[in-house]
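Protein sequences appear in the order of chains A and B.
Heads up, the first sequence is in our numbering, so the first residue is 1 and it goes up one at a time.
Heads up, the second sequence is in our numbering, so the first residue is 1 and it goes up one at a time.
The set of hints was computed from the structure by calculation and includes no laboratory data.
Mixed in with the good hints there might be a few duds.
As the list makes no split between identical chains, a pair holds if one copy fits it or if it spans any two.
Claimed, not checked - Simulated crosslink set (DSSO-like; lysine-lysine; CA at most 30 Å straight-line): (1) LYS186 / LYS208; (2) LYS265 / LYS321; (3) LYS69 / LYS321; (4) LYS265 / LYS294; (5) LYS308 / LYS102; (6) LYS294 / LYS69; (7) LYS271 / LYS12.
None of the values given here were measured: they were computed from a predicted structure.
2 protein chains.
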Amino acid sequence: MAYVRFSYSLLKRFCTDVFNRFGFSSAEAEIISDVLLTSDLYGIESHGMQRLVRYHKGIEKGMIRVNAKPEMVFETAVSAVIDGHDGMGQLIGYYAMGIAIKKARSGGVGIVTVRESNHYGIAGYYAMMACREGLIGFSTTNSEAIMVPTLGRMAMLGSNPVAFAMPADPFDLLFDASTTVVTRGKLEIYNKCGKPLPEGWALDREGKPCIDAAYVLENIVSRRGGGIMPLGGSSELTGSHKGFGYGMISEIFSSVLSMGTTSNKCLQGTKSGICHGFMAIDPSLFGDPDEIRKHLSSFLEALRDSPKAEGQDRIFTHGEKEALAIEDRMKNGIPISDITMEEIRDVCEYLDMDFRSYFGDYVSLHEGNVFRGNY
Amino acid sequence: MAYVRFSYSLLKRFCTDVFNRFGFSSAEAEIISDVLLTSDLYGIESHGMQRLVRYHKGIEKGMIRVNAKPEMVFETAVSAVIDGHDGMGQLIGYYAMGIAIKKARSGGVGIVTVRESNHYGIAGYYAMMACREGLIGFSTTNSEAIMVPTLGRMAMLGSNPVAFAMPADPFDLLFDASTTVVTRGKLEIYNKCGKPLPEGWALDREGKPCIDAAYVLENIVSRRGGGIMPLGGSSELTGSHKGFGYGMISEIFSSVLSMGTTSNKCLQGTKSGICHGFMAIDPSLFGDPDEIRKHLSSFLEALRDSPKAEGQDRIFTHGEKEALAIEDRMKNGIPISDITMEEIRDVCEYLDMDFRSYFGDYVSLHEGNVFRGNY
Numbered sequence: 001m002a003y004v005r006f007s008y009s010l011l012k013r014f015c016t017d018v019f020n021r022f023g024f025s026s027a028e029a030e031i032i033s034d035v036l037l038t039s040d041l042y043g044i045e046s047h048g049m050q051r052l053v054r055y056h057k058g059i060e061k062g063m064i065r066v067n068a069k070p071e072m073v074f075e076t077a078v079s080a081v082i083d084g085h086d087g088m089g090q091l092i093g094y095y096a097m098g099i100a101i102k103k104a105r106s107g108g109v110g111i112v113t114v115r116e117s118n119h120y121g122i123a124g125y126y127a128m129m130a131c132r133e134g135l136i137g138f139s140t141t142n143s144e145a146i147m148v149p150t151l152g153r154m155a156m157l158g159s160n161p162v163a164f165a166m167p168a169d170p171f172d173l174l175f176d177a178s179t180t181v182v183t184r185g186k187l188e189i190y191n192k193c194g195k196p197l198p199e200g201w202a203l204d205r206e207g208k209p210c211i212d213a214a215y216v217l218e219n220i221v222s223r224r225g226g227g228i229m230p231l232g233g234s235s236e237l238t239g240s241h242k243g244f245g246y247g248m249i250s251e252i253f254s255s256v257l258s259m260g261t262t263s264n265k266c267l268q269g270t271k272s273g274i275c276h277g278f279m280a281i282d283p284s285l286f287g288d289p290d291e292i293r294k295h296l297s298s299f300l301e302a303l304r305d306s307p308k309a310e311g312q313d314r315i316f317t318h319g320e321k322e323a324l325a326i327e328d329r330m331k332n333g334i335p336i337s338d339i340t341m342e343e344i345r346d347v348c349e350y351l352d353m354d355f356r357s358y359f360g361d362y363v364s365l366h367e368g369n370v371f372r373g374n375y
Numbered sequence: 001m002a003y004v005r006f007s008y009s010l011l012k013r014f015c016t017d018v019f020n021r022f023g024f025s026s027a028e029a030e031i032i033s034d035v036l037l038t039s040d041l042y043g044i045e046s047h048g049m050q051r052l053v054r055y056h057k058g059i060e061k062g063m064i065r066v067n068a069k070p071e072m073v074f075e076t077a078v079s080a081v082i083d084g085h086d087g088m089g090q091l092i093g094y095y096a097m098g099i100a101i102k103k104a105r106s107g108g109v110g111i112v113t114v115r116e117s118n119h120y121g122i123a124g125y126y127a128m129m130a131c132r133e134g135l136i137g138f139s140t141t142n143s144e145a146i147m148v149p150t151l152g153r154m155a156m157l158g159s160n161p162v163a164f165a166m167p168a169d170p171f172d173l174l175f176d177a178s179t180t181v182v183t184r185g186k187l188e189i190y191n192k193c194g195k196p197l198p199e200g201w202a203l204d205r206e207g208k209p210c211i212d213a214a215y216v217l218e219n220i221v222s223r224r225g226g227g228i229m230p231l232g233g234s235s236e237l238t239g240s241h242k243g244f245g246y247g248m249i250s251e252i253f254s255s256v257l258s259m260g261t262t263s264n265k266c267l268q269g270t271k272s273g274i275c276h277g278f279m280a281i282d283p284s285l286f287g288d289p290d291e292i293r294k295h296l297s298s299f300l301e302a303l304r305d306s307p308k309a310e311g312q313d314r315i316f317t318h319g320e321k322e323a324l325a326i327e328d329r330m331k332n333g334i335p336i337s338d339i340t341m342e343e344i345r346d347v348c349e350y351l352d353m354d355f356r357s358y359f360g361d362y363v364s365l366h367e368g369n370v371f372r373g374n375y
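The following block holds chain A by itself, in its conformation from the complex (with noise of 0.2 Å):
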């Protein structure tokens, strides 16, 4: 694959004016932009513009209903349920993290869960939108099944990320992870590039450990089997049964609590049935805010400053990466790969947009930009 490197601010506007196309408001058509590109400057590539086309797909199909409105179903002073009415995924949690906010500013917690919304970007997106207010973040989603659950050999659980923020200097602390070894992005990656997955990462049609990617993800496709393995591998020697445990906790707190679809039967059909969790916990609860994001920061020094690796010369903190990628992507522009332009083109298309007047005539005009090989 071959990238092109474009600025924050034209991908911005390009997507905003795709949304606002699709038929959303500019105030919403912000908001999903802003979702989608926060995980292209985080440099979680899979979930930002190379996701553009599931959504233009899923609109077209009308999983996504692009008129729809959340609507809360049931609340107290600290929780609320939303019905998402199969809305776009990024409003509903915008939505319902905004009212998790509000309750525990109020009231010091607030946990919201939501049913029959659809796929709402990166977790940690909302976890950072708590965290931005001075709150502890939390948020997780189910999605169509691809964990195997440990003994098994069909994909029963989503991947089931778990994202959570908490505010820190001189970064925030931002942990975002899916239960599931990898995502199955990864896998398409190796798929794409042709080369074998690593062992450890998905199972065949028998439940057995496999490593080529097609097979592997034609098979979740069809549902005949096979999928990904929890965090912790396929055995409980290596800890199997707890990356299949934060799976269940991340589908409690989405489909369970919401009354919504589970990651077995979601996206079966005409509907996307995903569910969300979301939590903000206010530090205050626990003393003063200030001295607590002083013990947590100082922790995280201590972290980064302890002994390294051999061969090793820094040791990562959760957020650290992300604050990393931000600063090289809002100087050095956003990588976009030449297979998400082609979407690019087709969204454009089917939208009666002028490709030329955003990107030019892209290979051309960025060859200086241009590499190859896996970003």
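Based on the hints, put chain B in the right spot on chain A.
The following block gives chain B in isolation, referenced to the frame of chain A:
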């Protein structure tokens, strides 16, 4: 190692007598014994009677203060911070989770953090306290440093277990696991048997994978580097940063939000400094708790009924193995190793208790129940 099985009621009586003799009230001795023996009933030998020696030594050295009473030092409607004043971890944990439960009953949520405590036994015990009241329970603790952060070579976090429980049928969901690949107890068992460690568990002083249990344990104790890998191993390829991230969440809900001692500074000198975190959530914050319980139970059933990996005939959901172990141990007794029996003899001698009046001449009397090997 040889094992003898003793009845739950005998061990409960013995254990309660022991803690009474150590100076705890009858009610306190009852709680401590219940935490210890619940671990044995769950089949978690490492945290049951096998740990008696650690509490014995902790009390003897003054690290555990028998007369200390936990003190609430900060409180809101949904939260509290407890100072354990170096008391017995089980009593502090029981008290703190009791407060979390009370707050969840009145306000829907209770989050309680604890500083200046000691080892509190199995995290799952406290999560189950909430679960038995129809609530969602969460419990975590830090400990002496044992987890090496990704790309590091010095243990900086504890085994930092996270436990989560929620009412379900036919048995409750109970997830209780360290955020390291394995606990130190597992390394100790391999060491006692003189077996090499499985790949992917431990690191040597230079931060390189190491299968020599004795060497790793020696380095951990002397803090010369090395330790246990986070869940996900030592490489980001297998998700090491994810286990490290869950370890961080545990650290935040125990030491950071209580302004307590972080794992890298626990158990150095004459104080333990161990911190805990507890949360109870009322499922009725999200609708009808009976419907939610049914929804969870049917997803758990779907998981158990899903196709098995080749050569496997059963998928276990979290809490199922514990339910099976309780059945077995209440019927057939709790297996105690000969090493633990020797430690029990020492405790009896120290406390001037008559070993024979509890256990008789245990080997000859229970010869029919003796078996060898790793139970």
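Given a CA cutoff of 30 Å, do LYS69 and LYS321 count as a within-copy pair, a between-copy pair, both, or neither?
-> neither (35 Å within a copy, 44 Å between copies)
Could you place LYS308 and LYS102 in one of the four classes (within, between, both, neither) given a Cα distance threshold of 30 Å?
-> For LYS308 and LYS102, the Cα distance exceeds 30 Å both inside one copy (41 Å) and across copies (45 Å).
Intra- versus inter-copy proximity for LYS294 and LYS265 (alpha-carbon distance at most 30 Å) = For LYS265 and LYS294, the Cα distance is within 30 Å only across copies (16 Å; inside one copy 44 Å).
30 Å Cα cut-off: does LYS271 pair with LYS12 within a copy, between copies, both or neither?
-> Within. Shortest intra-copy distance 29 Å satisfies the 30 Å Cα cut-off; inter-copy 54 Å does not.
Given identical chains, is LYS265 near LYS321, meaning Cα to Cα at most 30 Å, within a copy, between copies, both, or neither?
-> between (34 Å within a copy, 26 Å between copies)
Should LYS294 paired with LYS69 be assigned to within, between, both, or neither, using CA atoms and 30 Å as the limit?
-> Close across copies (29 Å), not inside one copy (40 Å); limit 30 Å.
Which holds for LYS186 with LYS208 at a C-alpha limit of 30 Å: within a copy, between copies, both or neither?
-> Classified as both; 19 Å inside a copy, 26 Å across copies.
Of the numbered hints stated above, those contradicted by the structure are hints 3 and 5, listed in ascending order.
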